[in-house]
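Just so you know, the sequences run in chain order A and B.
For the record, in the first sequence the residue sitting at position 17 is 23 according to this note's numbering, with numbers rising by one throughout.
For the record, in the second sequence the residue sitting at position 106 is 183 according to this note's numbering, with numbers rising by one throughout.
One should not assume that every hint holds.
[Unchecked claim] Mimicking EDC-like on lysine to aspartate or glutamate, the simulated pairs with C-alpha atoms at most 20 Å apart in a straight line are:
(1) B:LYS119 - A:GLU73
(2) A:LYS60 - B:GLU179
(3) B:LYS134 - B:GLU121
(4) B:LYS119 - A:GLU11
(5) B:LYS119 - B:GLU130
(6) A:LYS74 - A:GLU11
(7) B:LYS155 - B:GLU179
(8) A:LYS60 - A:ASP87
(9) B:LYS119 - B:GLU136
(10) B:LYS160 - B:GLU78
(11) B:LYS134 - A:GLU9
(12) A:LYS61 - A:ASP87
(13) B:LYS134 - B:ASP163
(14) B:LYS119 - B:GLU145
(15) A:LYS59 - B:GLU179
(16) A:LYS61 - B:GLU179
(17) B:LYS160 - B:GLU130
(18) A:LYS74 - A:ASP87
[As the list claims (entries may be wrong)] A short list of chain B residues far from chain A (calculated; beta carbon distances all over 12 Å):
(19) VAL101
(20) SER104
(21) VAL124
FYI, nobody ran anything at the bench for these hints, they're computed from the structure.
From a predicted model like this one, the values you see are computed outputs, not experimental measurements.
Heads up, the beta-carbon is just placed ideally off N, CA and C, and yes, glycines get one too.
For reference, the chains in residue letters:
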Amino acid sequence: KNEVEQSPQNLTAQEGEFITINCSYSVGISALHWLQQHPGGGIVSLFMLSSGKKKHGRLIATINIQEKHSSLHITASHPRDSAVYICAVFRSNTGNQFYFGTGTSLTVIP
Amino acid sequence: EPEVTQTPSHQVTQMGQEVILRCVPISNHLYFYWYRQILGQKVEFLVSFYNNEISEKSEIFDDQFSVERPDGSNFTLKIRSTKLEDSAMYFCASRSFNSYNEQFFGPGTRLTVL
Numbered sequence: 007k008n009e010v011e012q013s014p015q016n017l018t019a020q021e022g023e024f025i026t027i028n029c030s031y032s033v034g035i036s037a038l039h040w041l042q043q044h045p046g047g048g049i050v051s052l053f054m055l056s057s058g059k060k061k062h063g064r065l066i067a068t069i070n071i072q073e074k075h076s077s078l079h080i081t082a083s084h085p086r087d088s089a090v091y092i093c094a095v096f097r098s099n100t101g102n103q104f105y106f107g108t109g110t111s112l113t114v115i116p
Numbered sequence: 078e079p080e081v082t083q084t085p086s087h088q089v090t091q092m093g094q095e096v097i098l099r100c101v102p103i104s105n106h107l108y109f110y111w112y113r114q115i116l117g118q119k120v121e122f123l124v125s126f127y128n129n130e131i132s133e134k135s136e137i138f139d140d141q142f143s144v145e146r147p148d149g150s151n152f153t154l155k156i157r158s159t160k161l162e163d164s165a166m167y168f169c170a171s172r173s174f175n176s177y178n179e180q181f182f183g184p185g186t187r188l189t190v191l
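Bound-form chain B, shown alone:
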């Protein structure tokens, strides 16, 4: 069964460093999402992406964040200068054009900022 994959599973970085989190959505999906879950808190929406542009973003998704679909398969989230409070689990999700309500989640990348 097709699935969303994410790499790495765990990333440790120093404060101020740039990180890129990678996702490979399901191959025929057209809508892509990033979510964040700080330890002990609820999952929060960051950004949605369609047709090579951001379609919606939350207040969390400030200028330090960017997303890109550099090729036909990868979807990346870049944090330019990480802060301690960026430590969280980051989930990628994707959905097909027809499946308006159903998203498939990746296993997540745990980001630890020291």
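With the rest of the complex left out, here is chain A:
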């Protein structure tokens, strides 16, 4: 069983659409990360959350600790947003490692 589940696995949107990617986790965490992975493979950290909500440009990330759920929203999506978005949690009792979701592959069509 995966500790971290993401949905949807694949998402295609028209340019300008509002996009939501969901992440649920089943373990106690000290923080949750949203990561972006472009076709070349490199990973970039978008957000680190332990509570509430964060916003950076057109990206918004929220987390509900009680429900063990986080969402990543992209407003006014653009083709350059096309990438794989990965949810990763830093578990409370392991100290040193991330557990990764399988990722959501987003394609934004012009």
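Use these hints to put chain B onto chain A, whose structure you have.
Frame of chain A, contents of chain B only:
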């Protein structure tokens, strides 16, 4: 802005050969990590390293794998005798002492075992 770097970006090797993947973490970071991502699969933790020793490792990190910090700047992952199933993207990450939850990832090394 400081960043984690990895070399080479792509390594092709024959099965049974030894490979060394290199990482230069951010200079004031003290915790170092290796992750692996097989094509089409999720990223998986391999090993974490602190104070010149392994602090945690996963089941994937068997006797064929080793890590080393040979000098003050490099952090290496060695695979002694590569297998076809070692073909993957390998990511290095580092974090500072105070930033418990935040790791900075390198761009990855794509390893292809033929």
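Status of the hints after comparison with the structure:
Distance hint between LYS119 of chain B and GLU73 of chain A is unfulfilled; the C-alpha atoms sit about 23 Å from each other, more than 20 Å. Between LYS60 of chain A and GLU179 of chain B the CA atoms are separated by roughly 15 Å; this keeps the pair inside 20 Å, and the hint holds. Only pairs whose Cα atoms come within 20 Å are accepted, and LYS134 of chain B paired with GLU121 of chain B is accepted, the gap being roughly 11 Å. As the CA atoms of LYS119 of chain B and GLU11 of chain A are separated by approximately 11 Å, the hinted pair is consistent with the 20 Å bound.
Our distance criterion of 20 Å between C-alpha atoms is broken by LYS119 of chain B and GLU130 of chain B, whose separation comes to about 26 Å. Between the alpha carbons of LYS74 of chain A and GLU11 of chain A the distance comes to roughly 11 Å, so the proposed pair stays at or under 20 Å and holds. A distance of roughly 25 Å separates the Cα atoms of LYS155 of chain B and GLU179 of chain B; the hinted pair therefore is violated under the 20 Å criterion. Simply put, LYS60 of chain A and ASP87 of chain A have alpha-carbon atoms about 18 Å apart, close enough for the 20 Å limit, and the pair holds.
Between LYS119 of chain B and GLU136 of chain B the alpha-carbon distance is near 15 Å, which keeps this suggested pair within the 20 Å criterion. With a C-alpha separation of about 37 Å, the suggested pairing of LYS160 of chain B with GLU78 of chain B is violated against the 20 Å cut-off. Note on LYS134 of chain B and GLU9 of chain A: the hinted pairing holds, with a Cα-Cα distance of about 18 Å set against a maximum of 20 Å. Between the alpha carbons of LYS61 of chain A and ASP87 of chain A the distance comes to roughly 16 Å, so the proposed pair stays at or under 20 Å and holds.
With a C-alpha separation of about 16 Å, the suggested pairing of LYS134 of chain B with ASP163 of chain B holds against the 20 Å cut-off. A threshold of 20 Å between alpha carbons decides the hint, and for LYS119 of chain B with GLU145 of chain B the separation of about 25 Å lies outside it, so the pair is violated. Between LYS59 of chain A and GLU179 of chain B the CA atoms are separated by roughly 17 Å; this keeps the pair inside 20 Å, and the hint holds. Distance hint between LYS61 of chain A and GLU179 of chain B is fulfilled; the C-alpha atoms sit about 17 Å from each other, no more than 20 Å.
Taken as a hint, the LYS160 of chain B and GLU130 of chain B pair is broken in the structure, with Cα atoms around 25 Å apart against an allowance of 20 Å. Restraint check for LYS74 of chain A and ASP87 of chain A: the C-alpha separation of about 26 Å exceeds 20 Å, so the hint is violated. Look at VAL101 of chain B: its CB is around 15 Å from the nearest CB on chain A, clear of 12 Å, so calling it non-interface holds up. Distance check for SER104 of chain B against chain A: the nearest CB is about 18 Å away, which clears 12 Å, and the non-interface claim stands.
The non-interface label for VAL124 of chain B is inconsistent with chain A: the shortest C-beta to C-beta separation is roughly 9 Å, within 12 Å.
Hint check: violations occur at hints 1, 5, 7, 10, 14, 17, 18 and 21; the rest are consistent with the structure.
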